[in-house]
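Q: What follows is each chain in one-letter form.
Protein chains: 2
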Amino acid sequence: MPWAMSDLHTRMMQLALSEARNAATVGEVPIGAVVYTADGTVLAKAHNQPQAMADATAHAELLAARGALAMRMPATPYLDDCYIAVTLEPCAMCAQALSWLRVKAIYFGAYDVKSGGVENGAQVLKHAHHKPEVIGGLCEVECAELMKDFFAKRR
Amino acid sequence: MPWAMSDLHTRMMQLALSEARNAATVGEVPIGAVVYTADGTVLAKAHNQPQAMADATAHAELLAARGALAMRMPATPYLDDCYIAVTLEPCAMCAQALSWLRVKAIYFGAYDVKSGGVENGAQVLKHAHHKPEVIGGLCEVECAELMKDFFAKRR
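Line by line, the protein sequences are chains A and B. Straight run, no breaks: the first sequence in this note's numbering ends on number 155. Straight run, no breaks: the second sequence in this note's numbering ends on number 1155.
Everything labelled a hint here was simulated from the structure, so no lab data went into it. Please note: incorrect hints may appear among the correct ones.
Lysine-lysine pairs mimicking DSBU-like chemistry, simulated, CA-CA at most 30 Å apart [as the list claims (entries may be wrong)]:
#  : chain 1 : residue 1 : chain 2 : residue 2
1  : B       : LYS1126   : A       : LYS126
2  : A       : LYS148    : B       : LYS1131
3  : A       : LYS114    : B       : LYS1126
4  : B       : LYS1131   : A       : LYS126
5  : A       : LYS153    : B       : LYS1153
6  : A       : LYS104    : B       : LYS1104
7  : B       : LYS1148   : A       : LYS131
8  : A       : LYS153    : A       : LYS131
9  : A       : LYS148    : B       : LYS1148
10 : A       : LYS114    : B       : LYS1131
For reference, chain A alone in the conformation it holds in the complex (with noise of 0.2 Å):
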C-alpha cells in the first residue's frame, strides 16, 4: 500500500471534489464521488447528472457504484470491500443502495440538513441490515463552498 489509509480517503475525497467541479461546469449541481478498493484502485468516479440522464434518481452515488460493478471480474452483486468518497451527505436512497452493496464505509464532505438520510433526515442506516461505516466532514469546508458558490450563482 503505497499511503497511508487516511491519506488515501482525502486523496479519494479531492478526486471526487474535482468529479464535482465538473458537473458544476455542466450545470449540474457540484456531487462527485469516487468508489475505491484498499489499494488505491479507482473502480469508477461519477458526479451527480439529473438533467443530462434526465433522471432524478442519477444521483454521483448510484452512478459510481453501478460503474465499479461493472468493472468487477467476475461479477457480483456487492461492493463488499469497497469505499466511497462522496462530496455530500448521501440521500435516503444512497445511503440504503450502499447498505445493500455491502460497502465497508460512506466518507462523505459536507452535511446536507435539507436532503441528507444518514447523519440527517430518515437516518436509514440505523435500520438496514449492513451498516456500512460512515466518516462525515472528510474535506467539509472545500465540499461545502463548491456547493454554495453554485448557488449563489444561480440566484
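Use these hints to put chain B onto chain A, whose structure you have.
A: Frame of chain A, contents of chain B only:
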C-alpha cells in the same frame, strides 16, 4: 378512461404479480413492479434481478422506474404523472427514489417488516420533500403467498 381508477390499480398489481412470477421462474426473489399512467398506459414493468444483473440494488421498482423514464418523450427527470404498483413494500432506497421521481402514488401489495422503508423501518417518506400517496395491502394475500412459497421451496 376504459375502467374505474380502483380497477386500474388492481389490474396493474396483477401485471406486477405476473412479473414477480417471472422472477421466481429464473430464481430471483419474486417481486414485480409496473409504472403506468392514469389512462392505463404501461410505461415499464420489471422484476427484481440482483443476481442476473450482478447488482444488489437491482430492485423491481428502480428497474421499472428507469424503464419508464426511458419511454418519456420529450425526456424529463420525473415521473410526476405516473403511478407504480409493486408487489412488496418498497425499501428505503426505492421509496426515496420514487419520491425524487415525484410519482403520484405507490400501490404496494405485501408489507415488509424486515426490509420495508415506507410503513416499516426508516419510513423515509416522512422526511421526503415530495410525498407520493401510499396505498399498502393491495392484493396483499396473493403477493405475500408468492414470497412465502418461494422461500419455502428454497429451504
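Q: Each of the hints needs a verdict: does it hold here or not?
A: Quick rundown of the hints versus the structure:
Distance restraint check for LYS1126 of chain B and LYS126 of chain A: the Cα-Cα separation of roughly 15 Å lies within the 30 Å cut-off, and the hinted pair is therefore satisfied. For the hint pairing LYS148 of chain A with LYS1131 of chain B, the CA-to-CA distance comes to about 27 Å; that is within 30 Å, so the pair holds. For the suggested pair LYS114 of chain A and LYS1126 of chain B, the alpha carbons sit about 13 Å apart, so the restraint of at most 30 Å is met. For the given pair, LYS1131 of chain B sits about 21 Å from LYS126 of chain A by alpha-carbon distance, which is consistent with the 30 Å threshold.
For a cut-off of 30 Å, the pair hint linking LYS153 of chain A to LYS1153 of chain B is broken: about 58 Å separates their Cα positions. Restraint check for LYS104 of chain A and LYS1104 of chain B: the C-alpha separation of about 35 Å exceeds 30 Å, so the hint is violated. At roughly 27 Å between alpha-carbon atoms, LYS1148 of chain B and LYS131 of chain A fall within 30 Å of each other, so this suggested pair holds. For the proposed pair LYS153 of chain A and LYS131 of chain A, the alpha carbon gap of about 37 Å is over 30 Å, so the pair is violated.
Distance restraint check for LYS148 of chain A and LYS1148 of chain B: the Cα-Cα separation of roughly 50 Å exceeds the 30 Å cut-off, and the hinted pair is therefore not satisfied. About 15 Å separates the Cα atoms of LYS114 of chain A and LYS1131 of chain B, which keeps this hinted pair within 30 Å; it holds.
Of the numbered hints stated above, those contradicted by the structure are hints 5, 6, 8, 9, listed in ascending order.
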